[in-house]
Amino acid sequence: MSLEFTASEMMSVTAARALRNDMICFVGIGLPSEAANLARLTHAPDVTLIYESGTLQTRPDVLPLSIGDGELCESALTTVSVPEMFRYWLQGGHVSVGFLGTAQIDRYANLNTTLIGDYRSPAVRLPGGGGAPEIATHAREVFITVKHSRRTFVNAVDFITTVGFGRDGKAREGVPNIGRGPSLVITDLCILKPDPDTRELVVTSLHPNVTREDVIEATGWDIRFATQLERTPAPSAEELEVLRDLKARSDAHHSSQP
Amino acid sequence: MAEFLSLQNAVAKHIHDGDTVAMEGFTHLIPFAAGHEIIRQEKRDLTLIRMTPDLIYDQMIGAGCARKLIFSWGGNPGVGSLHRLRDAVEKGWPNRIEVVEHSHAAMACAYEAGASGLPLAILRGYIGSDLPKVNDQIRFIECPFSGERLAAVPSVRPDVTVIHAQRADRRGNVLVEGIVGVQKEAVLAARRSIVTVEEIVDDLGASVNACVLPAWAITAIALAPGGAKPSYALGYYDRDNAFYKAWDAIARDRQAFLAWLNDNVFTTRADQGAE
Numbered sequence: 002m003s004l005e006f007t008a009s010e011m012m013s014v015t016a017a018r019a020l021r022n023d024m025i026c027f028v029g030i031g032l033p034s035e036a037a038n039l040a041r042l043t044h045a046p047d048v049t050l051i052y053e054s055g056t057l058q059t060r061p062d063v064l065p066l067s068i069g070d071g072e073l074c075e076s077a078l079t080t081v082s083v084p085e086m087f088r089y090w091l092q093g094g095h096v097s098v099g100f101l102g103t104a105q106i107d108r109y110a111n112l113n114t115t116l117i118g119d120y121r122s123p124a125v126r127l128p129g130g131g132g133a134p135e136i137a138t139h140a141r142e143v144f145i146t147v148k149h150s151r152r153t154f155v156n157a158v159d160f161i162t163t164v165g166f167g168r169d170g171k172a173r174e175g176v177p178n179i180g181r182g183p184s185l186v187i188t189d190l191c192i193l194k195p196d197p198d199t200r201e202l203v204v205t206s207l208h209p210n211v212t213r214e215d216v217i218e219a220t221g222w223d224i225r226f227a228t229q230l231e232r233t234p235a236p237s238a239e240e241l242e243v244l245r246d247l248k249a250r251s252d253a254h255h256s257s258q259p
Numbered sequence: 444m445a446e447f448l449s450l451q452n453a454v455a456k457h458i459h460d461g462d463t464v465a466m467e468g469f470t471h472l473i474p475f476a477a478g479h480e481i482i483r484q485e486k487r488d489l490t491l492i493r494m495t496p497d498l499i500y501d502q503m504i505g506a507g508c509a510r511k512l513i514f515s516w517g518g519n520p521g522v523g524s525l526h527r528l529r530d531a532v533e534k535g536w537p538n539r540i541e542v543v544e545h546s547h548a549a550m551a552c553a554y555e556a557g558a559s560g561l562p563l564a565i566l567r568g569y570i571g572s573d574l575p576k577v578n579d580q581i582r583f584i585e586c587p588f589s590g591e592r593l594a595a596v597p598s599v600r601p602d603v604t605v606i607h608a609q610r611a612d613r614r615g616n617v618l619v620e621g622i623v624g625v626q627k628e629a630v631l632a633a634r635r636s637i638v639t640v641e642e643i644v645d646d647l648g649a650s651v652n653a654c655v656l657p658a659w660a661i662t663a664i665a666l667a668p669g670g671a672k673p674s675y676a677l678g679y680y681d682r683d684n685a686f687y688k689a690w691d692a693i694a695r696d697r698q699a700f701l702a703w704l705n706d707n708v709f710t711t712r713a714d715q716g717a718e
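Here the protein sequences line up with chains A and B, keeping their order.
For the first sequence, my numbering gives the first residue as 2, with consecutive numbering after it.
For the second sequence, my numbering gives the first residue as 444, with consecutive numbering after it.
One or more of the hints may lead you astray.
EDC-like cross-link-like pairs, simulated, lysine to aspartate or glutamate; straight-line CA separation at most 20 Å [unchecked claim]:
{"no.": "1", "chain 1": "B", "residue 1": "LYS688", "chain 2": "A", "residue 2": "GLU142"}
{"no.": "2", "chain 1": "B", "residue 1": "LYS672", "chain 2": "A", "residue 2": "GLU75"}
{"no.": "3", "chain 1": "A", "residue 1": "LYS194", "chain 2": "A", "residue 2": "ASP169"}
{"no.": "4", "chain 1": "A", "residue 1": "LYS194", "chain 2": "A", "residue 2": "GLU142"}
{"no.": "5", "chain 1": "A", "residue 1": "LYS194", "chain 2": "A", "residue 2": "GLU218"}
{"no.": "6", "chain 1": "B", "residue 1": "LYS534", "chain 2": "B", "residue 2": "ASP691"}
{"no.": "7", "chain 1": "A", "residue 1": "LYS194", "chain 2": "A", "residue 2": "ASP252"}
{"no.": "8", "chain 1": "B", "residue 1": "LYS576", "chain 2": "A", "residue 2": "GLU5"}
{"no.": "9", "chain 1": "B", "residue 1": "LYS688", "chain 2": "B", "residue 2": "ASP706"}
{"no.": "10", "chain 1": "B", "residue 1": "LYS576", "chain 2": "B", "residue 2": "ASP612"}
{"no.": "11", "chain 1": "A", "residue 1": "LYS248", "chain 2": "A", "residue 2": "ASP23"}
{"no.": "12", "chain 1": "B", "residue 1": "LYS456", "chain 2": "B", "residue 2": "ASP488"}
{"no.": "13", "chain 1": "A", "residue 1": "LYS148", "chain 2": "A", "residue 2": "GLU85"}
{"no.": "14", "chain 1": "B", "residue 1": "LYS576", "chain 2": "A", "residue 2": "ASP169"}
{"no.": "15", "chain 1": "B", "residue 1": "LYS672", "chain 2": "B", "residue 2": "ASP646"}
{"no.": "16", "chain 1": "A", "residue 1": "LYS171", "chain 2": "A", "residue 2": "ASP215"}
{"no.": "17", "chain 1": "A", "residue 1": "LYS148", "chain 2": "A", "residue 2": "GLU218"}
{"no.": "18", "chain 1": "B", "residue 1": "LYS534", "chain 2": "A", "residue 2": "ASP119"}
{"no.": "19", "chain 1": "A", "residue 1": "LYS248", "chain 2": "A", "residue 2": "GLU5"}
{"no.": "20", "chain 1": "A", "residue 1": "LYS171", "chain 2": "B", "residue 2": "GLU591"}
{"no.": "21", "chain 1": "A", "residue 1": "LYS248", "chain 2": "B", "residue 2": "ASP683"}
Simulated DEER-style distance windows between Cβ atoms [as the list claims (entries may be wrong)]:
{"no.": "22", "chain 1": "B", "residue 1": "ILE565", "chain 2": "A", "residue 2": "ARG21", "range": "52 to 62 Å"}
{"no.": "23", "chain 1": "B", "residue 1": "PHE686", "chain 2": "A", "residue 2": "ARG21", "range": "34 to 44 Å"}
{"no.": "24", "chain 1": "B", "residue 1": "ASP706", "chain 2": "A", "residue 2": "ALA227", "range": "50 to 60 Å"}
{"no.": "25", "chain 1": "B", "residue 1": "MET444", "chain 2": "A", "residue 2": "ASN22", "range": "47 to 57 Å"}
{"no.": "26", "chain 1": "A", "residue 1": "ARG121", "chain 2": "B", "residue 2": "ARG697", "range": "21 to 31 Å"}
{"no.": "27", "chain 1": "A", "residue 1": "THR7", "chain 2": "B", "residue 2": "ALA685", "range": "18 to 28 Å"}
{"no.": "28", "chain 1": "B", "residue 1": "ASP691", "chain 2": "A", "residue 2": "ALA238", "range": "17 to 27 Å"}
{"no.": "29", "chain 1": "B", "residue 1": "GLY678", "chain 2": "A", "residue 2": "ASP62", "range": "15 to 25 Å"}
In case anyone wonders, no lab produced these hints; they're calculated from the structure.
Just so it is clear, CB atoms sit at the ideal spot from N, CA and C, and this is done for glycine as well.
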């Protein structure tokens, strides 16, 4: 029996599968938060989720709209101050994976959430760095989840807010006390991983019903495919049910007046 | 020693045109009532500091209070852009503002350094980022012991910090609970501070390790029930996520914003505090 699912659901389910039960995950808001909580509600019930608002080991029932919703604090093991969060828990080396979204990503997995165009006279001003610049260097590895399009997947980002592997793929070489960087990018079309030598992002798995041409069309550089190109398994009935329930109760929660 | 004032008098007495003002609260306990009072009193040329400008600075920037913004993440959380901030940066409306931007880690450290009386904060940060190229307040130093290259940013030392808290006791000691953000650091880093509270009580009911600011570390306290709305106050009311979503359409359009400001800020009055 084949199930109906959207590309967005495929992305969230695939991103969730990347998290393991023993991981300590520093979670970005939006798509990463959706995926991380789906993981916790399915195959990884004991995964530790940390949000930059200071909430350690939180288990929200609905997806937070902001990084500091009350739900995160009330369901957390404990809540620490923001300086403590960044200094002790992140910089101190306790985070195994940083899970980030972005507005732009390039072939070396550099992320831009600052602006489009020139810094002094931007065409579009984006929110900025937030926690990402240090999450990406202190976490032992980084997962990125973002929708695939030419607007998002650009040859070179306009601004490196958060480093992947730099303009030449070598930004982390010889830097002490730094994580290994992006190890996985999950989109609504495919999975990408950095080439072990050049660090350029390479497609390693296509989602169901997605072709190479779809990915080429949605990518702003001459994208490469792994020799052993895999096919991402479709979502299971359970994954879809849990994801849809989670989204439905989150939407209802955020639309109601307090 | 903390002086109990009405919100109107606290803002009039302690916030002046041209001041550097930090209004903190990390998503939680954002001092909106105080922000609206600053708008009503038409304060100008403020340097506004806040990790996440949020709707409070979107409103103050749109109302023309700001000359400069120091921040680390300027979006409407989970919704999108802060359109008044963008309009000021992209189009100079209602006035141009200077923007100095950091990462969260650097700003959190800068507040902590300010509270510690230090001139700078040191962190392992900004590696590989372009932010140091556009912000000359981000420098790098060599650790004298290990030789490691580390980032340095100046500490945050506001003229005034404004925060909102759950409650004060009658002597002026203040309890902050839940997501405490950088509120304690921001108050201790500032020359003056205003704390708005949900209520004034006989006994704070604080546990032994609670986040309590003693009366002698605060300049002024003003009673402002609901003063963090549409953000939230743990134990009092929830975040009005529906309003955060609705703000997107209000703030997107200059006329809609001005009408909102008129109906919801200029024609209302600050809650009367315990004078």
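- prompt: Taking only the CA atoms, is the gap from LYS534 (chain B) to ASP119 (chain A) under or equal to 20 Å?
  reply: 14 Å, holds
message: Holds or violated: LYS688 (chain B) and GLU142 (chain A), Cα atoms, limit 20 Å.
response: Given pair LYS688 (chain B), GLU142 (chain A) is violated - Cα atoms ~33 Å apart, limit 20 Å.
task: Hint says 21 to 31 Å; check whether the CB-CB distance for ARG121 (chain A) and ARG697 (chain B) agrees.
output: 23 Å, holds
20 Å limit on alpha-carbon distance, applied to hinted pair LYS576 (chain B) and GLU5 (chain A): Roughly 48 Å separates the two Cα atoms, so the pair is violated.
- prompt: Between LYS672 (chain B) and ASP646 (chain B), is the straight-line Cα distance small enough, at 20 Å or below?
  reply: Violated, at about 24 Å.
- request: With a cut-off of 20 Å on the C-alpha distance, tell me whether LYS456 (chain B) and ASP488 (chain B) pass.
  value: Distance of about 17 Å is within 20 Å: holds.
task: Would you check the hint for LYS576 (chain B) and ASP612 (chain B), treating anything up to 20 Å between C-alpha atoms as holding?
output: 47 Å, violated
message: Looking only at beta-carbon atoms, does the pair GLY678 (chain B), ASP62 (chain A) fall within the given range of 15 to 25 Å?
response: Roughly 18 Å apart at Cβ, these two residues keep to the hinted range, so it holds.
Pairwise hint evaluation, ASP169 (chain A) against LYS194 (chain A), where the allowed Cα distance is 20 Å at most: 16 Å, holds
query: Given the proposed pairing of LYS576 (chain B) with ASP169 (chain A), does the C-alpha separation stay at or below 20 Å?
result: 18 Å, holds
message: The hint says 52 to 62 Å between ILE565 (chain B) and ARG21 (chain A); measuring C-beta to C-beta, is that right?
response: Roughly 34 Å apart at Cβ, these two residues miss the hinted range, so it is violated.
field: Pair hint LYS248 (chain A) and GLU5 (chain A), alpha-carbon separation not exceeding 20 Å
entry: Holds - the C-alpha atoms of GLU5 (chain A) and LYS248 (chain A) are around 17 Å apart, at most 20 Å.
Checked against the numbered hints given earlier, this structure breaks hints 1, 7, 8, 10, 11, 13, 15, 16, 22, 28; the rest are met.
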